[in-house]
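Engineer: Since the structure of chain A is already known, use the hints to place chain B on it.
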Amino acid sequence: MGERKTDRWIRERAIGAALALCAWLSLAVTVAIVAVLAYETVEFFRIPVHAADPQLVARRPDLQRFAEARPDLVGDRGGLLREFFTETTWSPLFSTKRFGVLPLVAGTILTSLIALAVAVPLGLLAAIYLSEFAPEGLRRRVKPALELLAGVPTVVYGYFALTFVTPFLQDHVFGQALAGQNALSAGLVMGIMILPLVSSLSEDVMRAVPAELRHGAYALGATPMEVSLRVVIPASLSGIAAACVLALSRAIGETMIVALAAGQTPNWTFNPLETVETITAFIVQVSLGDTPYGSVEYRTLFAAGMLLFVLTFLMNLLSLRVVQRFRERYL
Amino acid sequence: MSVRAAGLEGRRQLERRERAARVFLAVCQAATLLGLVFLGILLVDVTRDGAPYLRPELLTHFPSRFPSQAGYASALVGTLYVAGIMSLVAFPLGVLAAVYLEEYARPSPLTRVLEVNIANLASVPSVLYGLLGLGVFVELFRMGKSVLAGALTLALLVLPLAILASREAIRAVPFSVREAAYALGATRWQVVRHHVLPYAAPGIFTGIILSLSRAVGETAPLIMMGALQYVPFLPRSVWDYFTVLPIQIFNYVSLPNPEFHRVAAAGILLLLVVLLFLNGTAIWLRNRATIRW
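Residue numbers (the working numbering), protein chains in the order written: chain A, 1 to 331; chain B, 1 to 293.
Each hint should be verified, as a subset may be incorrect.
With a straight-line cut-off of 20 Å between C-alpha atoms, the simulated SDA-like cross-links for lysine to any residue are [stated by the list, open to error]: (1) 143/A / 80/B; (2) 5/A / 183/B; (3) 5/A / 181/B; (4) 143/A / 30/B; (5) 143/A / 31/B.
Source of the hints: derived by calculation from the structure; they are not laboratory data.
Chain A with its partners taken away, still in its complex shape (with noise of 0.2 Å):
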């Protein structure tokens, strides 16, 4: 009342930039992300020539422990780069300061392919149940009693492995083969919490195939088991690919799980009874210690996490790839 519209308007637009400044802010925060680790990742490359600066080595106790344990890299400017993604050795909190990365790597990729071998079967086969046959009124409970897997708490999951699953495969299927922290406890039970995400997703776009398809392939005298085989996943399986790669990229990333039951030991191998380190847990291990800002140890705690985020990152890039080429094809 009585305002002057001028005054009206400019209210309006400072209220405008402000939200406006709200929702980049979600940007800046991508962007500090991306650079925290790529700044400190650069440092983390260049310590061989940090190491070849005699002022700087003196007042850093930790590059003259770098210096000390590889005398071959100091002053080699590309030599951490080569070694980070050939060698197998990764022991860089030990006086050895060996700077392979590819045991992180296999671990990784060891403990999110077993929980993708739980994740992907299961949930597929619930999504079909789901969409396919449950009734309606079962349908809506057992949908989100099967999402409260996802919002149990990861730590959780970490002991239930650590104090269960491995002690009762230990007794009853592999003996005192399987170590006490193992890649398998670890990938078991990190499948059945990403398991709520591929049937969940999957379920949506199963739902979302014309009923026209299934009546056609009805009525060519087909049985419900082909019709949900040959027609229904050969239609959604642009989403189903989409929510497994999501899965994986979910599985990549998990911390706890790994850090308490598959082990804190790099090890290069694929056996699957075998204690594994993972990238996550690696941080993790490292962020447990005291590590002073700037010091080597630091340094390849980012270096480890921007691995981390350009894995995961594909993995986001890829799922969202798979959907938009197949989404027209059947929709």
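Structural biologist: Okay, now just chain B, sitting in the frame of chain A:
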């Protein structure tokens, strides 16, 4: 082959296919059940391990070298403290960002960038938010390993979740409500403030509570915030060291003495009760207060 034999062969084949279909249905049912059975075993196992330690001292005692003395007092207060500050930062920002994206932003490549970015942020592994917090809040802004640094780190973690949930709630408000208000001469902000937000509020709160419960159960990013240290006191200011419930549980699980695993199990029960309460509230709110258009 005679006609009769061919018919017989056909019937056999049909029976085989129908049997396969029945088996398939049973397998699907079993797969659906398996997840739920697993959840059941987990709950029974944790309850069996933790029940003997579920005593009042669990809430009032600090961490200790002796399992019988160990409790979660500092962890509970730390969780409350961190979750409170995080909520104050993340949720207003999240709702306002959602309002911008739904009500103000015009479709443009820039808006598209924002949307893809938020979806991507929501799937960045949580442990990387810990590295971000360590690099930016703890070191660059010199907050040290404090309640504030931990709360801000978690705020960044739940921000995309809060934005996504709020957007969905705002989108559910029908367009006719906005048109009616515009027709009466309301400005854009008046439409949002007096019409869209009140109608979207139950949905927004449901989403907020769900992201809050995600933050309360989060462990990995807070390990970088030094939350694993021995904290035998209650944090008094935002600059104090702190620990939270999931981290204290992680701490007890990592100890070799199996008695501590039971203390951890009791802590898990505490954590699950807190989460059950939060999720229950969210579901109640969704069922009671959501407007059906």
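Engineer: Give a verdict on every hint.
Structural biologist: Structure-based check of each hint:
1. The hinted pair formed by residue 143/A and residue 80/B fails the criterion: a straight-line CA distance of about 31 Å is larger than 20 Å.
2. Taken as a hint, the residue 5/A and residue 183/B pair is honoured in the structure, with Cα atoms around 17 Å apart against an allowance of 20 Å.
3. With a CA separation close to 18 Å, the supplied pair residue 5/A and residue 181/B stays within the 20 Å bound.
4. Distance hint between residue 143/A and residue 30/B is fulfilled; the C-alpha atoms sit about 15 Å from each other, no more than 20 Å.
5. In summary, the hint linking residue 143/A to residue 31/B is supported, as the alpha carbons are separated by about 13 Å, within the 20 Å threshold.
The structure shown violates just one earlier hint, number 1.
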